[in-house]
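Both chains are given apart, each in its own frame, so use the hints to dock them into the complex.
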Amino acid sequence: MPTHNFQIRNPVTILLTIFIIVLSLDPVSAQSSNASVNIGELIGILLLIFGVLGVIWGLIWMFAYPIFLLYALIFSGKNLDNMILKTVERERAIISKFGKDILSNIDGGFRKDVISSGIVWAGAVYGPSHWHQLLGKLYNWFGGSIDIFQKVISAGRAESMQRLREIAIEEGWDEVINVRIDTSPMAPAAGRKGIKAVEVFAYGTGIKYN
Amino acid sequence: MVQDVEGIIVVNTETIPGKLITESFGVVSGSTVRAKHIGRDITQGFKNIIGGELHKYTELLEESRTEALSRMVSDAIARGANAVVNVRFATSAITPGAAELFAYGTAVKIE
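Chains A and B, in that order, are what the protein sequence lines are. If you want the numbering used here, it's the position in the first sequence, counting the first as 1, plus 93. If you want the numbering used here, it's the position in the second sequence, counting the first as 1, plus 337.
It is worth saying that the hints were derived from the structure and are not from the lab. Be aware that a few hints might be false.
Unchecked claim - 25 Å max Cα-Cα, derived PhoX-like pairs, lysine-lysine:
(1) Lys244(A) with Lys179(A)
(2) Lys190(A) with Lys301(A)
(3) Lys190(A) with Lys179(A)
(4) Lys393(B) with Lys171(A)
(5) Lys171(A) with Lys244(A)
(6) Lys356(B) with Lys205(A)
(7) Lys171(A) with Lys190(A)
(8) Lys244(A) with Lys393(B)
(9) Lys301(A) with Lys205(A)
(10) Lys205(A) with Lys446(B)
(11) Lys301(A) with Lys446(B)
(12) Lys193(A) with Lys179(A)
(13) Lys171(A) with Lys230(A)
(14) Lys446(B) with Lys356(B)
(15) Lys393(B) with Lys179(A)
(16) Lys393(B) with Lys301(A)
(17) Lys193(A) with Lys205(A)
(18) Lys193(A) with Lys301(A)
Unchecked claim - Across the chosen pairs, the derived CB separations fall in these ranges:
(19) Leu231(A) with Ile431(B): 23 to 33 Å
(20) Asp275(A) with Phe362(B): 19 to 29 Å
(21) Trp150(A) with Gly417(B): 20 to 30 Å
(22) Asn175(A) with Arg408(B): 37 to 47 Å
(23) Trp150(A) with Glu351(B): 34 to 44 Å
(24) Glu396(B) with Asp206(A): 35 to 45 Å
In this text, all values refer to a predicted model and were calculated from it rather than measured experimentally. All residues carry an ideal CB built from backbone N, CA and C; glycine is no exception.
If we strip away everything but chain B, and leave its shape as in the complex, we get (with noise of 0.2 Å):
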């Protein structure tokens, strides 16, 4: 989980729970553009014939979105805060074999 390892507390709700907010430093975002190697594509070329869950997809989207939120908790680290605030997640396919991943928050301090 992110706020274990980065010591900072992230949330996808406007305000934290019995934390008040003093101060905020803006939108802070962090992205990846994953793309699928040929081998995954082809055993999940053949799953999808089939139908039902596609298992390593899954798995891929979830490392690139632990990135992208990795990467916009150390923008939100760089800014001086200690917690973000609102946190949403936006994906995009931009060619059939890459899609990109984007989380964006707001940067806050709270007591």
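Pulled out of the complex, with its shape left as it was, chain A reads as follows (with noise of 0.2 Å):
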């Protein structure tokens, strides 16, 4: 899993590597091995293969990495605010086409022209860039509001409800009725590693009138 603690995990990989091959080096072991292949070599020889392969990935991380941040920093902002703009702009035009918002949150068992019903879902994975994640840390000393995380989990909310209005349609469902909204961390035992990003469901019960 990339992390962005590069600066520790790097040395540690060099210098195995670089421990590695002065075993392999060592004329000791050399005399001792037969014509006949050593077990110990061939472990060897596979543990200096991942190592080179560690070292060539942590420097291309290290490198594609402050590329990334500084897209983050530059663009992130920007293109959250793109999101919650495309999103609000498909969840209005639903609601002109059909006069009303069809999804309800409301129990539907008083109607009495159904004809069938069914469950719909949609979901959306949603994180914060490294940018973000750095200033809402920045923001955790002082307390308050953090209102970029707010941003990012309601992009992600509105998202999962506009997917299942558009899956809900092209089912063939005229309301959507009973809707529950759960939001649940991806990752929460990564810790300080690893991706972080919530996930946001949606779903709830279709149905069709006569």
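If you want it as structure tokens, here you go:
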């Protein structure tokens, strides 16, 4: 899993690689090995290959990460605003087409003229950019509301509700009742490392009128 | 869609509009634990730096939910039900790489 603490991991990998190279060049083990392949040597070679791959990956990551972070610094705020705008546009288009919002979270037991019903669901995984995560940490020191994270999560929520509307229309339902929205972290156990994202999941019962 | 394939009605309301529930078979459930492969992790890790939606994870969770729901439905069919009402979904992350998707509901017979 790619992490942003490459500064810590890379020296360890490099040291390990150097250690393995020194071990494989050891004259004592070279003398003791026969014509057949020694298992210890084989493991050494495998470790060496993995070490070299790790170093290459680390170097790529070291150069790519600042570029991505710079991109996030410049564009991520604007991208987020664009995403919210697009979702709102799609939402308005559907509401103006049907004259009302087709989602509602009331139980539809009172409806009499329903001919068929079935579950519909939609989800979206949204994560704040690393630049926003840094800003969020900064805000965290001072306390108060962290508007950046709130924005990311509400963008995800709007997107998943919009998808629910679109899927319901696509599958031929007239209305979606009893809508529930769940939000769950993608990887809470990841701690400081790994991907930070939330999954917003919306589901409801699609109904079709006679 | 699940109800089209299996021929049984799945809703998340307590009753089915326009139908009468005659018999209950208890709670049925289905779950899956899904892990993402490392290639996805790497590309989505890069995507996470930029921010925004992680499409591959959305797809993955959708597939897993479909599987959990179809397991729940086959449990209901095994009990002789023809509908599942009051379906709820739950998600829990076991390790950073894997997530459990869980669906449960009440299996009933309708007229």
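How the hints compare with the structure:
A distance of roughly 14 Å separates the Cα atoms of Lys244(A) and Lys179(A); the hinted pair therefore holds under the 25 Å criterion. In summary, the hint linking Lys190(A) to Lys301(A) is supported, as the alpha carbons are separated by about 17 Å, within the 25 Å threshold. Between Lys190(A) and Lys179(A) the CA atoms are separated by roughly 17 Å; this keeps the pair inside 25 Å, and the hint holds. Using a Cα cut-off of 25 Å, the hinted pair Lys393(B) and Lys171(A) holds, with the two alpha carbons roughly 22 Å apart.
Only pairs whose Cα atoms come within 25 Å are accepted, and Lys171(A) paired with Lys244(A) is accepted, the gap being roughly 12 Å. For the hint pairing Lys356(B) with Lys205(A), the CA-to-CA distance comes to about 9 Å; that is within 25 Å, so the pair holds. Between Lys171(A) and Lys190(A) the CA atoms are separated by roughly 29 Å; this puts the pair beyond 25 Å, and the hint is violated. Simply put, Lys244(A) and Lys393(B) have alpha-carbon atoms about 21 Å apart, close enough for the 25 Å limit, and the pair holds.
Between Lys301(A) and Lys205(A) the alpha-carbon distance is near 11 Å, which keeps this suggested pair within the 25 Å criterion. A C-alpha spacing of about 19 Å is found between Lys205(A) and Lys446(B), which places the hinted pair at or below 25 Å, so the restraint holds. Restraint check for Lys301(A) and Lys446(B): satisfied, since their Cα atoms lie roughly 21 Å apart, inside the 25 Å limit. As the CA atoms of Lys193(A) and Lys179(A) are separated by approximately 19 Å, the hinted pair is consistent with the 25 Å bound.
Straight-line distance between C-alpha atoms of Lys171(A) and Lys230(A) comes to about 20 Å, which keeps the hinted pair within the 25 Å bound. The hinted pair formed by Lys446(B) and Lys356(B) meets the criterion: a straight-line CA distance of about 10 Å does not exceed 25 Å. Proposed proximity of Lys393(B) and Lys179(A) is supported: the alpha carbons are some 20 Å apart, at most 25 Å. The straight-line distance between the Cα atoms of Lys393(B) and Lys301(A) is roughly 32 Å, outside the 25 Å bound, and the hint therefore fails.
A threshold of 25 Å between alpha carbons decides the hint, and for Lys193(A) with Lys205(A) the separation of about 20 Å falls inside it, so the pair holds. As the CA atoms of Lys193(A) and Lys301(A) are separated by approximately 16 Å, the hinted pair is consistent with the 25 Å bound. Taking 23 to 33 Å as the suggested C-beta distance range, the pair Leu231(A) and Ile431(B) conforms, at roughly 31 Å. Evaluation of the 19 to 29 Å hint for Asp275(A) and Phe362(B) yields a pass: the beta carbon distance comes to about 25 Å.
Range check, Trp150(A) to Gly417(B): Cβ separation about 54 Å, and the 20 to 30 Å hint is violated. A hinted range of 37 to 47 Å for the beta carbons of Asn175(A) and Arg408(B) is consistent with their spacing of about 39 Å. Judged by the Cβ atoms, the range 34 to 44 Å given for Trp150(A) and Glu351(B) is violated: they are separated by roughly 53 Å. Between Glu396(B) and Asp206(A) the C-beta distance comes to about 37 Å, which sits within the given range of 35 to 45 Å.
In this structure, the hints that do not hold are numbers 7, 16, 21, 23, in rising order.
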